[in-house]
Each structure stands twice: as structure tokens, then as C-alpha cells.
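Peer 1: The task is simple: from the sequences and hints, build the whole structure.
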Amino acid sequence: MAVCGSACGSNCVPKDTEGEEGERLKRLSLEEESSVRRCTKCAEEEARKECNGLCAGCFRAYLYGKFKLAVTSNAMISPTDKVLVAFSGGPSSRVALEFIHEMQSKALACWDASNSQALPVFTVGVVFMEECNISDELSDQADDVIAQIRSIVSGLSPPSKDLHIVPMESLFSSDLRKLVGSINDATGREDFVRHLRMLSLQRVAFEFGYNKLVLGLSASGIARHVLSATVKGQGYSLPADMQYVDTRWKAPVVLPIRDCLEQELVTLCNLESLKHVQVHDKRCTSINGLVSSFIARLREDNSSREHTILRTAGKLKPFNFNKFSSNQYEYVPSRLRPKFQFIETGEPESPEVLCPICASPLTATELATTRCSQQMKGLNIKEMEAFYLSCCQSCHFQILPKEETSMSCDGFFDLLPKPMVKRSLLRLVVSYSMHFSTFTTTTKPFVPNKLG
Amino acid sequence: MEGVEASEKVKRTTPRLCSLCNQRKAALRRPKTLEQICRECFYNVFEDEIHRVIVENNLFKPGDRIAIGASGGKDSTVLAYVLSELNKRHNYGLDLFLLSIDEGITGYRDDSLETVKRNEIQYGLPLKIVSYKELYQWTMDEIVKAIGLKNNCTFCGVFRRQALDRGAALIQADKIVTGHNADDIAETVLLNILRGDIARLSRCTSITTGEDGPIPRCKPFKYTYEKEIVMYAYFKKLDYFSTECIYSPNAYRGFAREFIKDLERIRPRAILDIIRSGEDFRISTTTRMPEQGTCQQCGYISSQKLCKACVLLEGLNRGLPKLGIGRKKVCSGEDQVQSKRHLENKALSFHGKHGNVEWKR
Numbered sequence: 001m002a003v004c005g006s007a008c009g010s011n012c013v014p015k016d017t018e019g020e021e022g023e024r025l026k027r028l029s030l031e032e033e034s035s036v037r038r039c040t041k042c043a044e045e046e047a048r049k050e051c052n053g054l055c056a057g058c059f060r061a062y063l064y065g066k067f068k069l070a071v072t073s074n075a076m077i078s079p080t081d082k083v084l085v086a087f088s089g090g091p092s093s094r095v096a097l098e099f100i101h102e103m104q105s106k107a108l109a110c111w112d113a114s115n116s117q118a119l120p121v122f123t124v125g126v127v128f129m130e131e132c133n134i135s136d137e138l139s140d141q142a143d144d145v146i147a148q149i150r151s152i153v154s155g156l157s158p159p160s161k162d163l164h165i166v167p168m169e170s171l172f173s174s175d176l177r178k179l180v181g182s183i184n185d186a187t188g189r190e191d192f193v194r195h196l197r198m199l200s201l202q203r204v205a206f207e208f209g210y211n212k213l214v215l216g217l218s219a220s221g222i223a224r225h226v227l228s229a230t231v232k233g234q235g236y237s238l239p240a241d242m243q244y245v246d247t248r249w250k251a252p253v254v255l256p257i258r259d260c261l262e263q264e265l266v267t268l269c270n271l272e273s274l275k276h277v278q279v280h281d282k283r284c285t286s287i288n289g290l291v292s293s294f295i296a297r298l299r300e301d302n303s304s305r306e307h308t309i310l311r312t313a314g315k316l317k318p319f320n321f322n323k324f325s326s327n328q329y330e331y332v333p334s335r336l337r338p339k340f341q342f343i344e345t346g347e348p349e350s351p352e353v354l355c356p357i358c359a360s361p362l363t364a365t366e367l368a369t370t371r372c373s374q375q376m377k378g379l380n381i382k383e384m385e386a387f388y389l390s391c392c393q394s395c396h397f398q399i400l401p402k403e404e405t406s407m408s409c410d411g412f413f414d415l416l417p418k419p420m421v422k423r424s425l426l427r428l429v430v431s432y433s434m435h436f437s438t439f440t441t442t443t444k445p446f447v448p449n450k451l452g
Numbered sequence: 001m002e003g004v005e006a007s008e009k010v011k012r013t014t015p016r017l018c019s020l021c022n023q024r025k026a027a028l029r030r031p032k033t034l035e036q037i038c039r040e041c042f043y044n045v046f047e048d049e050i051h052r053v054i055v056e057n058n059l060f061k062p063g064d065r066i067a068i069g070a071s072g073g074k075d076s077t078v079l080a081y082v083l084s085e086l087n088k089r090h091n092y093g094l095d096l097f098l099l100s101i102d103e104g105i106t107g108y109r110d111d112s113l114e115t116v117k118r119n120e121i122q123y124g125l126p127l128k129i130v131s132y133k134e135l136y137q138w139t140m141d142e143i144v145k146a147i148g149l150k151n152n153c154t155f156c157g158v159f160r161r162q163a164l165d166r167g168a169a170l171i172q173a174d175k176i177v178t179g180h181n182a183d184d185i186a187e188t189v190l191l192n193i194l195r196g197d198i199a200r201l202s203r204c205t206s207i208t209t210g211e212d213g214p215i216p217r218c219k220p221f222k223y224t225y226e227k228e229i230v231m232y233a234y235f236k237k238l239d240y241f242s243t244e245c246i247y248s249p250n251a252y253r254g255f256a257r258e259f260i261k262d263l264e265r266i267r268p269r270a271i272l273d274i275i276r277s278g279e280d281f282r283i284s285t286t287t288r289m290p291e292q293g294t295c296q297q298c299g300y301i302s303s304q305k306l307c308k309a310c311v312l313l314e315g316l317n318r319g320l321p322k323l324g325i326g327r328k329k330v331c332s333g334e335d336q337v338q339s340k341r342h343l344e345n346k347a348l349s350f351h352g353k354h355g356n357v358e359w360k361r
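Top to bottom, those sequences are chains A and B.
Mapping of the first sequence onto the UniProt record's numbering: position 145 corresponds to residue 145, and the numbering continues sequentially without gaps.
Mapping of the second sequence onto the UniProt record's numbering: position 10 corresponds to residue 10, and the numbering continues sequentially without gaps.
Calculated from the structure, these hints are not laboratory results.
A few of these clues could be false.
[To be verified] Lysine to any residue pairs mimicking SDA-like chemistry, simulated, CA-CA at most 20 Å apart: (1) A:K317 - B:E35; (2) A:K317 - B:T286; (3) A:K402 - B:E35; (4) B:K261 - A:S286.
[As the list claims (entries may be wrong)] Non-contacting residues of chain B with respect to chain A, defined by C-beta distances greater than 10 Å in every case (computed): (5) Q36; (6) G93; (7) D174; (8) D197; (9) G278; (10) T287; (11) Q297; (12) P321.
All residues carry an ideal CB built from backbone N, CA and C; glycine is no exception.
Peer 2: As C-alpha cells, this is what we get:
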């Protein structure tokens, strides 16, 4: 029974449609007048303004769908994994935690219902890193924050999750506050705290037996990282920190909400009343702060700018450590396995040499300079000199002490956490043994006293 | 606290010596390195760095005919001055010419052209002027009247590139040099990241481009800071035209420029770091990159069937100002009525809230 609506103008609506159809049409036209928009996906619920034309339910499903796609298509979590979620209290990591909890609950329900119960359900732990004693942050709110975090995590069961609240300075024997305070450059200080944070998270994962680390890094966070790294001259190593998977570490780092914008995650927290800790905005005089405000301005001009930045950086070549080795894909369905076991044709890549502070791969120029200096110093090289030589140019400029700083090179080196120093010694040995044939002098390879 | 203030006061009254020669009084602080140096040392280090860039990158060979893209602005004036100085001092053996483009912007270009004509006399370099009117039969003023104040930089830039090549061909030049400085290149790197132009991102940091084409072009000022160019021109009292293009306030590049200015204040070497990042970017082999071909209409270098200049010009001549702007939805072979209607629908969003020209869906 076709209805021409108002365009016909000849009042040709048949009388028998004035039942349900008429009611529905009346409702629709009333709604058009009162401008109530329906969700573009399900057309049932009211569309929310902040959800890009979707209703709350579809919006959540859209974000969860992105999360699930990232996890499954990159084989991020296997049934036997013990996953550690780094929870800062902010909205991004809150959503990551929520989604992982949902995934775990669903897996548990399947396991309960299944007959064989052959594949176990992955376990999840949560870690909150206390940094207030290291940088100049407000420490009086720390207790409130911790209490909130405890209540958040305890509410996320079943299955229950271990919560580790770890003060960063308890993990290493050196005076981290003095070390961080000795760095003159504000950007260098922030970046160094970030590197310490990763080192600490890895330490916690190792101590408690976790084999994967989940970070709540969103697309907006990655866009900020892309611009900051470009501005600091780290164009070569930029792709390393922004891929779904990063196996440079003992506990590989995975980014399941990499495709979600921060705005979307904040909206979700508000819609679902997900408790999170307000991260207070510090007035930053650092490059990272400048990049943040720049991206905020770009976002006001065009809300999809962050996605474009992510897409551009996604076209840069990732490193060989940005995917799992093939034997870690045994739980992936066999139809998907060839995707991961495919080896890129071309010359086999030699393993990258990493900076001991920031773990970024060194460029060919940096490597050449390092080797040249190492060659010149020969056997008389001090441990401290060897360490400094193996750092990247960005860490050299913004983190390592220079002549004008208050602390001497030796003093700074003595305060560095031992795991960071150990990384450099290992790399030295690896690079020397690998490329010994390129040396033209008869210098014997440098062998450090302690590898630990 | 007081002690620090007192010692700072003492610093200001005693004359500081140049940190390079330690003989003369320091007259300025070098923007790139923040060193306090004297004028003579500044000239030396400025000119010497450019000379090293030219030599290390093999930009020229003896006997080359070089067309200097001259707009009358600070970059091209300093470029003309420094190149002719270094040409004499180090015996490059180059034949230098000034090549100027008249886009037809009243109140801006006509004034700056007077400056170039003076430069011709001051530096003794022959001048050739090529205008948009004679090449394309459109001046920028007419173009802006037709399309408005958004995207006019696209037209100007695309047309100027071709105009420079045509002008250089007319004077039988072997190379074109432009005054693009470090700030320009850093802005371009950022812009290409923001706009998702991976193809340009891979090319924009090269010091020489178009080597496989008829007339390559290079940028000797690639590592020279804009602030230092201004300082050099000021101290040497060079004659240049210092007003910004009257149509430029709406350019998207303004975002990147403001950011870079703020960045330079925090960390001056960040500009060079951006350029280094741009050089170090490695594009994934699975990314589709455009292939280089030639335009079917004019034979100019192009990655599409028709070069951008031809597409834009066709748009102007047919009264379709958005042809060639934004993502490709209308190809030039389409029915005129259909394309006009299509564009009329989009014209509603032309001056919309965000004013951006990207197709939304």
C-alpha cells in the first residue's frame, strides 16, 4: 500500500492505512518537527549528539568492535596468557580495562559452558604505578586516587583481578628523584620518566609472572607521539612505538584500543558512568605539552585530523619486532595463520640496535658514529663512556648531562637503574660480535666485566 | 636570588666577546645555536654553512646556467646576494639569472617586482619576468574573485611551479634554485603528515628534486633558519620587500607555521630535527605510491592523466572552481550538467562552518 506522503497533494491516502501505519507516520512527522534523530545504525534508539549519530548502545558496540578486531586480528591475547593491564586511572586505560574484563568474562562464560574445557581463560592483572615521589606532582591527592583505583578494580569481577600498586622508586635501588631532577630539559625529564615507567612495568610483569603488557594508548595518544617524535628528530624510530604489537620487551606490549579516539573513550566513560580518575592538566613548558595543545587546536578545526595523522604514520615501515614470532600464533585460527607466518620478501633484516634509555632503534648514521668512537677508544673505554656512546642522539641531547648541568656524567651514570645500564652492555657485545668483520684494526673486541 | 640578579646585571654592563673569534664585541645571538657572536663571524658562519651545503650535496657544476627564483622577498634576495658572492669567492663558474613570476596580485606582487628590478641592477644579474596572464590568461586577483579566499594558495602554487619551469626553459637554464629555508621545509613535513600525503612526505626533504625531469631544482637554504636570513638581510642592509601575500592569512600552512614558531622558542634545533625526521622516514613497501608520467594535454610531468595545472585551469575556464580541489569525485570527462549539479550541492558546504573542502562521506 503505497503512500505518497505530502508531495502528492491530492490527499490520496487510502482510508485503511490510518491504523498502525498512520500512527507510525504521525510519530515520524512529529519527530521530524521536534528534530529527534534516530541512531543511524539501529534506527531504534535516540541518537546522541556526542556519539556521531549513534545511540549509546551502538556507540559502545562500535568501540568494542574496534577493540575486538585489534585483539583478534593481531593475536594479542592467547588463552594461556597472563595479561597485565597498565592502569593510570585515566579514561583511555579505564576503557581498555573495561573491555578486557568484558572479553575475559565472555571467555569465562564459554569455558563454564563448554564440555571439554580444554583451552583455559587468560588471567588479567592490573598495575598502577605511583610516580608522585619522582616528579613534581601533587602527592596529597595520591591516597584518594589509590582508593578510587582499588574500588574500580574490585568492582571488575568475576573473574577477580590482582591489583598491584607499586611506587616506582621501590623497584630500583637508586635515587630516582635526584636522577630525574638532574635533567635540565623539561621535555627530556618527561620522556625519561616515561622510559622509567616502561622499565618499571616490565619489572612488575616479570616479578609476578605476567607475559603480556596492555597499554591504554589511544589513537589520539599515538597522534601526539607521531608529532612529538618528528619534532625531536626520531623519524627513523617513530613506527616502533605505535604498532599493535611491540616485542622489544620481555613482556610484549600490545595496544588494543589503538584505533579509538580519546574523545570517543571519554564519551563512553561518561555514558556508562565508568569511574576514572581525572588527570589534571599541568601547564607544560615542554615540547610534549606544545604538541598536545597543537593537536587540540587541529581537532577543533577538523575532528578527523588525528585519524589522518595515524593513517600517515601507519604507512611508515614497522620494524621486525613489531610482530610476534611465528610460533606464538598457534592459537590463531588456521585460516588466519598464514597472514602472520608470511615473511616479507627482500633482504633479511639484521636485528636493530636499540638505545638503552629509550629503546628506540638507532639510525645507520648513529650506529656508524658509535662504532667509530668505540673503535677510537679501544680497550680503555670506561663503562660510563660505552653507555653514553650507545645512546641515540635524541637522548644525548635532552636527557644525558652536558657540561653546563649541575650533575657530572659520572654522577648521572651512577644513579641510572641497573636494568637500563645492562641493556647497553648487552647491545655492545652483540654489535661487536656481529660486525667484528667490519673492523679494520686489530683491536680485540670489548668484553664487559659483568653482564648480570 | 639576589646574587643571581646582581651577577646578571654585571653581565649586561661588561661587553661580551664573540664566542667564535673572541676578539670583537658580540653583536647578536645566533638563532640556530644561541651563540653570542659578532657581525663578521655571523656573516662568515652563515655563508660558510651554505657553501658547505652546496659542496657536500654537489648542487652545481662549473658552467651551469642557474635561474634564481626571485620574488623580491627576503629569501630570494639573500639567495641572489649570497650565491653571487660565493660564485665569485669560490669560483663555482656559474651563470646566474634572476627569474621572477608575476601572479597578478595588485598591492603585493607589483610592488615586490619593483624590488626585483632593483636587484637586477644592484647585483648585476639579468632578469626575466613571466606572468600568469600571458601563460594562463588568468591573474591571481581574477582567480580569487572566482573561487574565494579558500584554496587560492593551491592555484597559485601549482601555476607558479609550471611558470618557473617554463621561464627557466625560455632562458635555457640548467637548474632552478629557490629560497626555501629550513622553516619552510619543516612546515612542509608537518603539513604532509597532517594531510596524509605520504608521497610528498617522502620527497619534500630532498635538497634536489626533479632530477629525472628537464630542469631540476634545488634548495641551498635547506638548513638555513628563516630568522638568520632576516638577520643577515638586515645587517647587510639588503633591499627586499617585506610584506606577506595579502591572500595568505587563510592558508592551512598558518597552523604549522605558528606551531613551529612556538617550537623554536622552546628548542631552536627542533626545526632541523623535523627535517632530519623527514629524511629518516621509511615508507612501507606495501603502500601504493603514485607513478610519474606526463600530462596528456600539455606534456608536463604528472602522476595523473592530466596535470594539476590543466585540471585547475579547466575548472576556472568552465566556471567550476572546485574542480581539482579536495578528493577526486568529478573527473574532467564527465557530463558538464551532471558535474555542475554535483558541485552546486557541494557549494553549500563550501563556506560551511569548518570551511573545509574535504568530501565528508
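Peer 1: May I ask which of the numbered hints given earlier this structure violates, with the numbers listed in increasing order?
Peer 2: 1, 8, 9, 10
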